[in-house]
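In order, the protein sequence lines correspond to chains A and B.
So in my numbering, spot 86 of the first sequence is number 86, and the numbers just go up one at a time.
So in my numbering, spot 195 of the second sequence is number 195, and the numbers just go up one at a time.
Hints are computed from structural coordinates only; laboratory data are not their basis.
These numbers were taken from a predicted model, which means no experiment stands behind them.
One or more of the hints may lead you astray.
Claimed, not checked - Pair by pair, the computed Cβ-Cβ distance ranges are:
no., chain 1, residue 1, chain 2, residue 2, range
1, B, Leu192, A, Leu149, 29 to 35 Å
2, A, Lys132, B, Ile200, 18 to 24 Å
3, B, Ala104, A, Asp86, 46 to 52 Å
4, A, Asn163, B, Val208, 27 to 33 Å
5, A, Gly110, B, Ala104, 34 to 40 Å
6, B, Glu203, A, Phe89, 17 to 23 Å
Stated by the list, open to error - Only pairs whose alpha carbons sit at most 30 Å apart, straight line, appear in this in silico DSS-like list of lysine-lysine:
no., chain 1, residue 1, chain 2, residue 2
7, B, Lys137, A, Lys75
8, B, Lys135, A, Lys127
9, B, Lys135, A, Lys73
10, B, Lys135, A, Lys126
11, A, Lys42, A, Lys69
12, A, Lys72, B, Lys137
13, A, Lys132, B, Lys135
14, A, Lys128, B, Lys137
15, A, Lys127, A, Lys73
16, A, Lys118, B, Lys135
17, B, Lys135, A, Lys122
18, A, Lys57, A, Lys72
19, A, Lys127, A, Lys87
20, A, Lys72, A, Lys122
21, A, Lys87, A, Lys122
22, A, Lys57, A, Lys73
23, B, Lys135, A, Lys75
24, A, Lys57, A, Lys122
25, B, Lys135, A, Lys128
26, B, Lys137, A, Lys109
27, B, Lys137, A, Lys73
28, A, Lys128, A, Lys73
29, A, Lys87, A, Lys75
30, A, Lys69, B, Lys137
31, A, Lys118, B, Lys137
32, A, Lys72, B, Lys4
33, A, Lys132, A, Lys109
34, A, Lys75, A, Lys57
35, A, Lys122, B, Lys137
36, A, Lys132, A, Lys87
37, A, Lys61, A, Lys118
38, A, Lys126, B, Lys137
39, A, Lys128, A, Lys87
40, A, Lys69, B, Lys135
For glycine and all other residues, C-beta sits at the position ideal for the given N, C-alpha and C.
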Amino acid sequence: MKRKVLIICSFIATLLAWACPLANAQKERLAESAGKSTLNTKFWGALVYASNNKVGKEVNKGLAMRLGKAFKKYKTFELLGQHTQDKVFRDYVNWIVPSDELNLEFESKGPADGGGMKVLLKLWQKKKVLVKSDAVIKPGKPLFIAGPLWRDGRLLFVLELRN
Amino acid sequence: MNRKEEIITRWIDGELNEEDRAEFDELMKDDPEFCARGRQQAEGIGDAMRSEISNDVQPPYPDFFNSQIQKRIRQESRQSSATNSASGFSVLWWLRSPLTWGAAALFLIMLFSRNDQLSSGDGSYVVSTYAPDPKVKVERAEYDDDAEATIIMLTGLDPIPDDVEIEGRDITAYEPSGSRGGGIFYAGEDQLVFVMERGIEGEPEILVR
Chain A
1 MKRKVLIICS FIATLLAWAC PLANAQKERL AESAGKSTLN TKFWGALVYA SNNKVGKEVN
61 KGLAMRLGKA FKKYKTFELL GQHTQDKVFR DYVNWIVPSD ELNLEFESKG PADGGGMKVL
121 LKLWQKKKVL VKSDAVIKPG KPLFIAGPLW RDGRLLFVLE LRN
Chain B
1 MNRKEEIITR WIDGELNEED RAEFDELMKD DPEFCARGRQ QAEGIGDAMR SEISNDVQPP
61 YPDFFNSQIQ KRIRQESRQS SATNSASGFS VLWWLRSPLT WGAAALFLIM LFSRNDQLSS
121 GDGSYVVSTY APDPKVKVER AEYDDDAEAT IIMLTGLDPI PDDVEIEGRD ITAYEPSGSR
181 GGGIFYAGED QLVFVMERGI EGEPEILVR
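Just chain A, same shape as in the assembly (with noise of 0.2 Å):
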């Protein structure tokens, strides 16, 4: 019986021996490229306001798209203020403020494994945090927060990150 349990232990170590290697490459080379993806990105937010009014400016098809199927209550979608940042100091705090109102604090902890950037985030309603965040965002995948009700909608805060 021992030396049964001794032989199937040396069979999955070797097993592993043979594939731990092989994924350890698999992932450099996936930090590798995570690396690489996070040169001239940028973050974009924006401060949108989701009702059921005619508005101004709305934001583009794409966005309008995928806010109209995360909050299926609303059918337009406002753009009220956006802060395009293409310069992000790693590890330093960093803002996106489209207004005064509801802005943004993050800092980034730089590349995440298999892409995207990892980031701590602080959402600001004037003078208070509403949520804190420990998150990774990665292109074409952004980041919608739900904010404060505000007249006949809701306040959305949209982060993503841009190539």
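Guided by the hints, dock chain B onto chain A, whose structure is given.
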């Protein structure tokens, strides 16, 4: 036949098990004469049989007798090899087993599918969330496949009064300023829009130009 006779008979036939053997040893110690008598009688029976039955007499139904012996030998040999294989374990048997290869394949699929998930990914994701105000709840913080976006849904926030005007800006650049995480915000061609300072508790104080 009493227990003593049974033990002696088993001893003569060489069929004592460990328990019987202990009992027999005890019996030999207590009553050696009885044992010797039993042995003598058994040998006497053997001698009587040998004297009565000729050596060259064929047993009845010899073919059947031989086939039964061969059958018994095959059975014992099979049992013995099964025991050996269970305790000895053959590596070749394991390598030949489809289960071994199935388990190995499953392991590799799991390993590489995990890496595949890392490489392709489902999108942005939230690791953790925290709302400092106890009234505020993070109702949802997850990636939505349909919207292809990660959603953080907050509930319990105080609504903004209707008479508050929210003026948005189009910021194109931000420069950090000061040691407390403040900054200067620009729009278009270096047009200064906001200047931000941090308050005592780190809260942003935005001066709108």
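Taking the hints in turn, this is what the structure says about them:
no. : hint                            : result
1   : B/Leu192 x A/Leu149: 29 to 35 Å : holds (32 Å)
2   : A/Lys132 x B/Ile200: 18 to 24 Å : holds (19 Å)
3   : B/Ala104 x A/Asp86: 46 to 52 Å  : holds (48 Å)
4   : A/Asn163 x B/Val208: 27 to 33 Å : holds (31 Å)
5   : A/Gly110 x B/Ala104: 34 to 40 Å : holds (36 Å)
6   : B/Glu203 x A/Phe89: 17 to 23 Å  : holds (21 Å)
7   : B/Lys137 x A/Lys75              : holds (24 Å)
8   : B/Lys135 x A/Lys127             : holds (16 Å)
9   : B/Lys135 x A/Lys73              : holds (23 Å)
10  : B/Lys135 x A/Lys126             : holds (17 Å)
11  : A/Lys42 x A/Lys69               : holds (25 Å)
12  : A/Lys72 x B/Lys137              : holds (20 Å)
13  : A/Lys132 x B/Lys135             : holds (15 Å)
14  : A/Lys128 x B/Lys137             : holds (15 Å)
15  : A/Lys127 x A/Lys73              : holds (29 Å)
16  : A/Lys118 x B/Lys135             : holds (28 Å)
17  : B/Lys135 x A/Lys122             : holds (17 Å)
18  : A/Lys57 x A/Lys72               : holds (20 Å)
19  : A/Lys127 x A/Lys87              : holds (25 Å)
20  : A/Lys72 x A/Lys122              : holds (25 Å)
21  : A/Lys87 x A/Lys122              : holds (19 Å)
22  : A/Lys57 x A/Lys73               : holds (19 Å)
23  : B/Lys135 x A/Lys75              : holds (28 Å)
24  : A/Lys57 x A/Lys122              : holds (27 Å)
25  : B/Lys135 x A/Lys128             : holds (13 Å)
26  : B/Lys137 x A/Lys109             : holds (26 Å)
27  : B/Lys137 x A/Lys73              : holds (19 Å)
28  : A/Lys128 x A/Lys73              : holds (26 Å)
29  : A/Lys87 x A/Lys75               : violated (34 Å)
30  : A/Lys69 x B/Lys137              : holds (22 Å)
31  : A/Lys118 x B/Lys137             : holds (23 Å)
32  : A/Lys72 x B/Lys4                : violated (93 Å)
33  : A/Lys132 x A/Lys109             : holds (15 Å)
34  : A/Lys75 x A/Lys57               : holds (14 Å)
35  : A/Lys122 x B/Lys137             : holds (15 Å)
36  : A/Lys132 x A/Lys87              : holds (22 Å)
37  : A/Lys61 x A/Lys118              : holds (27 Å)
38  : A/Lys126 x B/Lys137             : holds (19 Å)
39  : A/Lys128 x A/Lys87              : holds (26 Å)
40  : A/Lys69 x B/Lys135              : holds (27 Å)
The structure shown violates the earlier hints numbered 29, 32.
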